[in-house]
Amino acid sequence: MLEISIAKVANVILMARELNRAEGELHAFLDSLNEDELASLVALMWIGRESFEPDDLAEAIATAKSEATTPTPDYLLGTPHLSDHLENGLDALGLSASDEEDDLVRGG
0 MLEISIAKVA NVILMARELN RAEGELHAFL DSLNEDELAS LVALMWIGRE
50 SFEPDDLAEA IATAKSEATT PTPDYLLGTP HLSDHLENGL DALGLSASDE
100 EDDLVRGG
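Residue numbers (numbering that gives the first Met the number 0): 0 to 107.
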């Protein structure tokens with residue numbers, strides 16, 4: 000089970016799409032997350048790029064926690080296609096952030 004809300008994932012996805020203008024904002028948002036939330040984001044990204052299978056979510060989260068060698072916000076920001084990988088990871092887990100993304104875009 001993910002240890003981060005879908006709304007927070009939606010925030011990251013939206014900011015990652017606009018990385019050229021929102022990198023500082025995204026970094027600050029990632030810095031505000033706790034270790035469990037960051038590990039869930041990394042695991043979700045790994046599942047989205049098919050480094051782990053959806054059934055291996057718990058293992059991916061544990062690996063993200065145990066093998067972090069660089070600050071997680073820096074690692075995520077340095078990942079090409081971050082928003083796509085996060086969306087693909089949600090899809091693989093049978094989840095969607097589209098309603099939350101719509102709410103964020105509308106300012107709700």
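If you are wondering where the hints come from, they were derived from the structure by calculation, not from laboratory data.
Backbone N, C-alpha and C fix where the C-beta goes; we use that ideal spot for every residue, glycine too.
Keep in mind that the hints are not guaranteed to be accurate.
[Stated by the list, open to error] Calculated pairs, EDC-like style, for lysine to aspartate or glutamate (alpha carbon to alpha carbon, straight line, at most 20 Å):
#  : residue 1 : residue 2
1  : Lys7      : Glu99
2  : Lys64     : Glu34
3  : Lys7      : Glu22
4  : Lys64     : Glu24
5  : Lys64     : Asp54
6  : Lys7      : Asp90
7  : Lys7      : Glu36
8  : Lys7      : Asp102
9  : Lys7      : Glu34
10 : Lys64     : Glu52
11 : Lys64     : Asp35
12 : Lys64     : Glu49
13 : Lys64     : Glu17
14 : Lys7      : Glu100
15 : Lys7      : Asp73
16 : Lys7      : Glu24
17 : Lys64     : Glu22
18 : Lys7      : Asp98
19 : Lys7      : Asp101
20 : Lys64     : Asp101
21 : Lys7      : Asp30
22 : Lys64     : Asp102
23 : Lys7      : Glu17
[What the hints assert, rightly or not] FRET-style restraints, in silico, Cβ to Cβ:
#  : residue 1 : residue 2 : range
24 : Pro79     : Ala27     : 18 to 26 Å
25 : Arg20     : Ser65     : 32 to 40 Å
26 : Asp101    : Asp54     : 24 to 32 Å
27 : Arg105    : Ala67     : 15 to 23 Å
28 : Glu2      : Gly77     : 32 to 40 Å
Could you grab the alpha-carbon distance between Lys7 and Asp90 and see if it respects the 20 Å cut-off?
-> holds (16 Å)
20 Å limit on alpha-carbon distance, applied to hinted pair Lys7 and Glu22 = It holds: about 16 Å lies between the C-alpha atoms, which stays within 20 Å.
Holds or violated: Lys7 with Glu99, Cα cutoff 20 Å?
-> holds (9 Å)
When you check the alpha-carbon spacing of Lys64 and Asp35, does it fall within 20 Å?
-> Since the Cα atoms of Lys64 and Asp35 sit roughly 8 Å apart, the hinted pair holds (cutoff 20 Å).
Please work out if Lys7 and Glu17 have their alpha carbons no farther apart than 20 Å.
-> holds (16 Å)
Assessment of proposed distance window 32 to 40 Å (beta carbons of Arg20, Ser65) | Cβ of Arg20 to Cβ of Ser65: about 34 Å, so the range 32 to 40 Å holds.
Hey, Lys7 versus Asp30, does the alpha-carbon distance stay inside 20 Å?
-> holds (13 Å)
Straight-line Cα separation of Lys7 and Asp102 no greater than 20 Å?
-> holds (12 Å)
Quickly compare the C-alpha distance for Lys64 and Glu49 to 20 Å and report which way the hint goes.
-> holds (18 Å)
Taken at face value, is the distance from the CA of Asp98 to the CA of Lys7 at most 20 Å?
-> holds (12 Å)
Satisfaction of hint between Glu36 and Lys7, Cα-Cα up to 20 Å | holds (9 Å)
Regarding the pair Lys64 and Glu17, is the alpha-carbon distance no greater than 20 Å?
-> Violated, because 27 Å separates the two Cα atoms, which is more than 20 Å.
Going down the numbered hints, you'll see the structure goes against 4, 13, 17, 20, 22, 27 and 28, while the others check out.
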